[in-house]
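Chains as they are written, first to last, in numbering that gives the first Met the number 0: chain A, 0 to 384; chain B, 0 to 605.
Since the hints were derived computationally from the structure, they do not count as laboratory data. Quick reminder that beta carbons are idealized off the backbone N, C-alpha and C, glycines included. Accuracy of the hints is not assured; some may be wrong.
[As the list claims (entries may be wrong)] Partial pick of chain B residues on the chain A-facing surface, computed with a CB cut under 8 Å:
| # | residue |
| --- | --- |
| 1 | W25 |
| 2 | K87 |
| 3 | N88 |
| 4 | P96 |
| 5 | K597 |
| 6 | R598 |
| 7 | P603 |
| 8 | E604 |
[To be verified] Label pairs and their calculated CB-CB ranges:
| # | chain 1 | residue 1 | chain 2 | residue 2 | range |
| --- | --- | --- | --- | --- | --- |
| 9 | A | V142 | B | G99 | 20 to 30 Å |
| 10 | A | L50 | B | V76 | 51 to 61 Å |
| 11 | A | G187 | B | D427 | 53 to 63 Å |
| 12 | B | I518 | A | R167 | 14 to 24 Å |
| 13 | B | F515 | A | V142 | 18 to 28 Å |
| 14 | A | F99 | B | Y84 | 38 to 48 Å |
| 15 | A | N340 | B | G503 | 36 to 46 Å |
[Stated by the list, open to error] Derived SDA-like pairs (lysine to any residue); straight-line CA-CA distance at most 20 Å:
| # | chain 1 | residue 1 | chain 2 | residue 2 |
| --- | --- | --- | --- | --- |
| 16 | B | K517 | A | S136 |
| 17 | A | K170 | B | K517 |
| 18 | A | K152 | B | H101 |
| 19 | A | K152 | B | V595 |
| 20 | A | K98 | B | K6 |
| 21 | B | K87 | A | E216 |
| 22 | B | K92 | A | T159 |
| 23 | B | K92 | A | P235 |
| 24 | B | K87 | A | D177 |
| 25 | B | K92 | A | E216 |
| 26 | B | K141 | B | A310 |
| 27 | A | K170 | B | Y84 |
| 28 | B | K87 | A | H172 |
| 29 | A | K152 | B | K92 |
| 30 | B | K6 | A | E192 |
| 31 | B | K92 | A | R24 |
| 32 | A | K260 | A | R24 |
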Amino acid sequence: MNTTAALLTALERMLENNDLDLFSRRVLDAVADTRDMAMYRKGIEFTEAVLRQAPEAGQVKEWGQQLLSDIRQYNIPQVSSAAPVLTVRDITKSYGYGKFALGPVSLELRKGQVYGLVGENGNGKTTLLRILAKELSYGSGSVAYHFEQARAKGDYDLRTRIIYIPQRTQKWHGSLMDNLKFVLASYGTPAAEIEPRMLLMVARLGLWKYKDLQWSELSSGYKMRFELARTLLRAPEILLLDEPLANLDILSQQVILEDLKNICMSPRNPIALMLSSQQLYEVEKVSDKVIFLKNGQYRDNSQHTGGTEEQALIVELDTAASREALQAALADLAPERISFNGGIYILTFGGKATFSGVLSVLGMSGIEITYIRNISSSTRRFFMV
Amino acid sequence: MFTFIRKINQYLLERCPVTWNTRLVWTGATAIVIHILYLLWGYSHFSDITLLHQEIYGDYIMFDGVQFVVSVMISVVLLVVWMMYLFKNNALKSFYPQNGRHIFAAFAQYVIIVFLCISFPVSYVAGYKIFLNTRFDKTVIKEEAAHLSRSRVFFLETPSDYFISNRVYPAPYDTLFAVASSEIDERYPVIRYEQNATQFYTYMYRDFLYDTFVSRQYDEQAPYSDEKEITRVSSGTDSIRVFYTDKFVDLSRTADPHYSLYNYSGAGAEYKRYQRYYDDEADYNGGYTSQAPDTMPASSLSKAFRTREFAYNKYVYELLQRNDPGEIKALLSGTLAILKKYRIATNLDADNWYRLVYNPPLFRVDSFISGNQYNAEYAEYSTATVAETVIADANVSPRYTRYLLETSKAFYTLDNIRSLSAWSFAKDVATIFFCVAMGLATVLLMYRVTGLKTLLFTVISMILISILVGLLIFQIHNLNYNYAGDREEGTLVSLYIVAFVYTGIALLPLLLWRSFRKIVSGIALSITVLGFPYFVWLVLLLINTHQEIAVRELYEESPDLYVHLQYTLLNRLAPVTVVAIIVAVTIVFMFLYTAVIKRWKGLPEG
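Using the sequences and the accompanying hints, generate a full structural model.
Encoded structure:
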C-alpha cells in the first residue's frame, strides 16, 4: 500500500520527468484522500484548467507544485489493512447433481490489494464473485465480512457495501451526471459535497470531456469507466468486477487496471478489489494475487502443481522453428518436456535452468523467436501445462 | 424556464433523492395544472343553466360524458410517461442504502402521484360545485322553493289532485280518511267525479313493537285481519304506529265532487319526492311512509301521519278564504319570474293563469295546464277560449289547455342546485379514487422491489390459489352446509379458510424466508402486500359474522332479533368509515412491512 508520503514523492518525480498526464490523474488520488471539499475544488480546477487551456508543460508543473504543496498541509491518516475484510472458508456451490460444482474455495481479501480471478469460461469465476457479493447463495462453508463501518443491520445493508459489477452493465438513463449524483445522494452525502465529489471522480477517471454526453454516445471503454466512477463513489470496502476488461482495447485495459490499482491502494480509503478476466498478462501485472479456477477448483499463483513442476522453469515460446530444431538447440539445458499446443511451445526445465540461460542458448542457436515469456510463477502455466 | 427546472431538479436530486426519483414534483405539478383545467371545465358545466332542468343523480356526472373519457386518456398518458421516468433509476435494484422510511416515502409518493393522475373527474365535480355554490345564493334558492311551494296549488297539473279525496282540512276532513277508488266499499254511497271516486272513513291507529309487528307478518298462523291498513309511521325508537280505516262517514250529499282548489293538499303530487321544497323544511320530517317496514329500521319511517298534507291544505284553505286577488296574482307572477330566471319556457302569462284559477267562491277548476311539452302539444285547445277542449290523445285529459308550465323543471333545477352543491358524495368518490391509487401504488412498489418476473408469477399464483381455495370452499359447503340454517356457519368456515391461507402465505417471508428460493418467498411477499387490504376487510367480515351468529343465538326467539342485528360491526359503520379503517391499517402495515421488504431484497438468489 502507498503511504501518502510515498505517493507525494512519486508525484514529485512525475513532475520532474514530465509525466504530466499521469501526474494529472494520480494527483487527484492524493486530493481525494484529503477529504476536504476545498481541496476537491482545487483538484477540479486544476483538471479543468489543464484540459481547457492546454497550457505549456511549465505552467502545468507550476500548478502541480502548488497543488502538491496544498496537499502537504493535510495530515492524512493511513488506514491499516492488515486484517482481512473478507474471509471465505471452504464454500461450495452446486447447480445440481451431475452439473457444475464450485469449490471448496477458501480465501481472504485484504483492503488495498488486487486479486485477479482467472480461468476458462464456465469454470466458476462469475459464480464465485456473485457468492462473495451475496448475490448467490452457497451450499456449505462460510463467508464473513469484516467492515470498518458500523455493523450492517441486515443483508441489504451489507450489500450496499459490497459492490459487484456484472460483465454486462445496464444502460444508464438520463444524464450521466445525474446518475452519479443520485448515488451520492442515496448514500447520504451532504448536498454541498455531492458536486465536488462527483466532479473529482469524473476527473480522476479521465471522463471530464465526456461528462455531458449521453450513455448511448459513449464507447464501451468509457461506459465501463463511468460504471467504475459510479461504483467508486459508493466508497466500497470490497469491489468485485466481473470481466471489466472485456471489449476494451489493450491500452484502455492497461489504463483502467492501473487506475483501479492506484485507487484501491489509497492510504485513506483502501479497497479490496477482485476482478475476473481473460486478459491474464494484464491482470497478473496489477494483481497481488491471482486465483485460478478450473472446473470449480481453486488454485492461486503462490501454489505449485507438485511433481516435476516444483521449482521448475516453465517457458512459453512462439517460434517458427521445428520441435527437432528446438530440441537440438536446448540439448545442453536438458528440458524435461517440450509440448506444443498447435500455436506455441511450453518448455519445462529442471531445477538448475534459468530463464536468462534459456534466452542465451536460443539466441546463440539463431532460432527466430516471435514471443517468449517465463510463466513459472504465472497462473498461465495452469492453462498451458 | 429550463434553467429553473434544472435548478429544482438538482435541488431535489441532492437533497431528496427519493422525491427526485419518483418525479413527484413534476408529475404532481403537471397533474395539478390539469386538475385546475378540469376545475375550470367543471365550473363552466352548468353555465348553460338548462342542463339543470332534468333530474341529475348525485355526482355521477363525473363518470359521464366527454370529460370522463378525456380524463381517462390523460390519466393513461400521464401514468405511462411517469412510469417511463420512474423506472430509470431504481435505488433498491442497485442496492443503494434505503431504510424503511425511504421505501415508505417512495410508496406514499406513488400513492399521491397516482391519485393526482387519475382523479381529474373529482376536480370537474369540484368545479361545478364551486360554480353552484358561488352563483346561487342558498337563501334565495330556499325562498324561491318556498314560493313555488306556496304557488303549487295553482299549477293545475293533475285533475285528480283537485278531487275531494285530497281534502284534509277543515273539519270534518281533518279526522277522516278518503280511500282510493280501489278500496271503495260498494255497500256505501260513493262520491264520484269523472274517473275519480272515493269514500270517507274515520281512522284509528294501534302501536306495535317494531319487531313484534315484523315477525307477525311472517307468522302464517296469525289470524286473518280484514282491517284496511292506511299507513305506518314510527313511534319512538323501536315502535311503529299503524293506521287503519274505521267507520264509514257519508259525505256524498254535502261534499262538492267538482275539482276545486280547496281540495288541493299536494298529497298526490307527482313530484312528491321533491317534497322538501314544497313546504317549510321544518315540516319535512326526513322519513318515508311505507307498508314494508321490515327491510328498514323503525327509526327511518316517517314520524308523522298526514302532517304535511294537513298543513298545506290548511294554507290553501286560508288563502282562498282571504280571496285576495292581489295576493294570488303576486304568487303567479312570482312563479313566472322564477321560471324565467332559470330559462324555463312557458306560454302562460300571469293574466291568463289568473283567469284559469280565480273562480270564487268555490274556486272550482275546469281547465288544466300541461306540465310537459307532450301534453301541451296534444291538447288542441285555443288559448283564447278557455272553456273549450278537444280530446286529441287518449292519454291526455280533455280538460287540458295548450298552456305549458313546466314547473317540474323548476323543482328539478332547485333540487339539483341544492343537492349538487353539497360535498359529501364528492368526498366518497375521492375516497374511491384514493383506494384505486393505493392499489396501483402497491403494485408499482412490488414491481420495483421484486421485478417483473416475480410480479407476473405472483399474479398467476394468486389466480391459482383463488381457484383452489374457491374449489375447497365449494366442496366443504356442498358436504356440510346444505341447509339454510347453516349458512352463516358455512360463511364463517369459508372466511376462516381464506384467512388461514392468507396468513400462511404472509408468514412464509417472515419465518421461513431462507428455506425457499428467493422467487418463492418473493411471490409470498407480493401476495402479502397486495392482499393485505382485503385481509383487513376479511377480519372485519369475520368479526361481523361472529357477531351475527352470536346475536342470532342470543335473540333467536326474541322479537328484538332484527333490532340487535342492526348493531353488528359492519352494519354500524358507514362504508366510508370501513374504507378509512382499511386504508389506515394498510398504511401502518406498509410502514412496518418495509423492514421485511428490505430483508427479502437482501436475500441471495439460488
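Hint-by-hint comparison with the structure:
no.: 1; hint: W25; in the structure: violated (13 Å)
no.: 2; hint: K87; in the structure: holds (4 Å)
no.: 3; hint: N88; in the structure: holds (6 Å)
no.: 4; hint: P96; in the structure: holds (5 Å)
no.: 5; hint: K597; in the structure: holds (5 Å)
no.: 6; hint: R598; in the structure: holds (6 Å)
no.: 7; hint: P603; in the structure: holds (4 Å)
no.: 8; hint: E604; in the structure: holds (6 Å)
no.: 9; hint: A:V142 to B:G99: 20 to 30 Å; in the structure: holds (26 Å)
no.: 10; hint: A:L50 to B:V76: 51 to 61 Å; in the structure: violated (43 Å)
no.: 11; hint: A:G187 to B:D427: 53 to 63 Å; in the structure: violated (42 Å)
no.: 12; hint: B:I518 to A:R167: 14 to 24 Å; in the structure: holds (21 Å)
no.: 13; hint: B:F515 to A:V142: 18 to 28 Å; in the structure: holds (21 Å)
no.: 14; hint: A:F99 to B:Y84: 38 to 48 Å; in the structure: holds (41 Å)
no.: 15; hint: A:N340 to B:G503: 36 to 46 Å; in the structure: violated (60 Å)
no.: 16; hint: B:K517 to A:S136; in the structure: holds (10 Å)
no.: 17; hint: A:K170 to B:K517; in the structure: violated (25 Å)
no.: 18; hint: A:K152 to B:H101; in the structure: holds (16 Å)
no.: 19; hint: A:K152 to B:V595; in the structure: holds (13 Å)
no.: 20; hint: A:K98 to B:K6; in the structure: violated (55 Å)
no.: 21; hint: B:K87 to A:E216; in the structure: holds (18 Å)
no.: 22; hint: B:K92 to A:T159; in the structure: holds (11 Å)
no.: 23; hint: B:K92 to A:P235; in the structure: holds (17 Å)
no.: 24; hint: B:K87 to A:D177; in the structure: holds (11 Å)
no.: 25; hint: B:K92 to A:E216; in the structure: violated (24 Å)
no.: 26; hint: B:K141 to B:A310; in the structure: holds (19 Å)
no.: 27; hint: A:K170 to B:Y84; in the structure: holds (14 Å)
no.: 28; hint: B:K87 to A:H172; in the structure: holds (6 Å)
no.: 29; hint: A:K152 to B:K92; in the structure: holds (18 Å)
no.: 30; hint: B:K6 to A:E192; in the structure: holds (17 Å)
no.: 31; hint: B:K92 to A:R24; in the structure: violated (32 Å)
no.: 32; hint: A:K260 to A:R24; in the structure: holds (13 Å)
Hint violations for this structure: numbers 1, 10, 11, 15, 17, 20, 25 and 31, all remaining hints satisfied.
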